[in-house]
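Visitor: Given the sequences, and given the hints that come with them, work out the whole structure.
Single-letter residue listing:
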Amino acid sequence: MIFDFSDYGQLLPLVSNSLIAAALLGLMGGLVGVFVMNRDSSFAVHGISELSFAGAAIALLIGVDVVLGSIFGSLIAAALIGVLGARAKDRNSIIAVLMPFGLGLGILALSLYEGRASNKFGLLTGQIIAVDQPALVWLAGISIFVILVLALIWRPLQFASLDPDVARARGVATGPLGFAFLILLGLAVAASVQVVGALLVLSLLVTPAAAALRVTSSPKLAPVLSVAFALTSAVGGILLAIGGGLPVSPYITTVSFLIYLVCRGIAMAKNSAARASVSKAVAQ
Amino acid sequence: MANDASRLRLPAGQPVLSIQAATFGYDERPLWSNLNLDVAQGEFIAIIGSNGSGKTSLLRAILGQEQLTSGQILLAGKPVHHGSRRIGYIPQARNVDAHTPLLARDLLTMGLAGHRYGLPFTSRQDRARVEHILGCIDGHELAKLPVGQLSGGQLQRFRVGQAVIDEPDLILADEPLSALDLAQQRTLADLIDQERKDHSAAVLFVTHDVNPVLGMVDRVLYLANGSFKIGTPDEVLRSEVLSELYGTPVDVVRNQGRVVVLGAHGADHEHHAHEEWH
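Residue numbers (this note's numbering), protein chains in the order written: chain A, 838 to 1121; chain B, 1010 to 1287.
Don't take every hint at face value.
Claimed, not checked - Below, a list of computed lysine-lysine pairs in the DSS-like style, where the Cα atoms sit at most 25 Å apart:
1) A/Lys-1107 to B/Lys-1153
2) A/Lys-1107 to A/Lys-1117
3) A/Lys-1057 to A/Lys-1107
4) A/Lys-1117 to B/Lys-1153
5) B/Lys-1153 to A/Lys-1057
Just so you know, these hints were derived from the structure itself, not from any lab.
Guide: Spelled out as structure tokens, the structure:
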């Protein structure tokens, strides 16, 4: 049976930490995701998450806090992409070079690790049901920091991301802003890896924003929708997982993907309606 | 508008831009050397030259994005390092991705406030300014369209609005008319001309074809062959001057208010066709 909600009321308090974590991730992921889309950096998210995984795996092996290891790996990846990939053309190849290296390093560390096997698997595919108090404090700290800094640089970062030539001419520090965003992205990835796992980070940092941009071109509405979609995926995924008994990640990724499909459908319907009204006007 | 100290008007008589003994080039081969040019407030200067003559490099040097080999460029008396809010910049017309999350109106808002830190909330004063510029560029109806849905001419109208909305001292236009039809070219050139008259902003206008702006140009900077000529259109757009500049016989013909440059090989060329020669 995939769903069984009979003892739902008793299970809910047990996952309150996870729900708070999911809400924080949804808020942060939805906002950061808008700039991931604006700056065309989906691939960077994937690259950073693999190095974040490597950092976490190495931390697990040598007995250091896994969150710290994950942040460390993320920030190194973000900094490398920022420094070596300053030119857009170089960026993707830098990421493609870093990614397998990070993944390999992580797998090596995990194979040497002799502790609980579920710890290993969790780093790749998520372990949100197991979010404990210290992990939640980390997550909350990172999310609040990322959201505050993002709010502070929002407007010039938006200018630099969407209209870079004019922004640069107007004296906006496009280079430093881009680097700052990569650092924020690194932190957001590190926090997300703890919960949804390295392989599924994209479902919170890219999919919701990509879905939002299918249905709106308004720079004010896009982040609102993106956050709403990310929250629905993360929190909704957990609520479904409680009744389902399967790991939480597939629920989150599936909800997130379904929202994206619906948004694409809406966009297609809108387009064909617009085309129909144009051809009608031409015919008359 | 909310002008801070750095945005105070220039004293009367001070040049907006002062290019002093500027030389620029790669590997010992200067694109132009010993260029001296003081641009007065409200002056309209067309920069003409073939591809590779260093027009765009000149704009980038003014913006502080390229280093001169020697000499210096001062904007309002000071060198520019990384762009400036005294400058309004109009890029070349190019296609915008259909999914870019910007409405046409947002281009204007960013031109006015995009450099400010914080969340993108606008004051009533800012919104009034955006409304005013929308009126100037006849953009009220287009304001709510996604940028990706604007035609080339419509987009460039918003580009002009974006460049002038913060009342810059200098407007740099990098071939803003390319890919537009003649009527659109005229509309756009008139818009820029109107703005510089209203706010005495100086204009540096890079173009292949001088004709759309011929009526408004005060001086022409003609770049070719690693050299240049500066003067009024009547002084520069003459057969003997351009022949000397190019080092080949060139005929300049004026016909019904248009300038047509005829190459040495006899074929008729519009003014912009000279880029085939070098």
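Visitor: Taking the earlier hints as the rules, which of them does this structure contradict?
Guide: none
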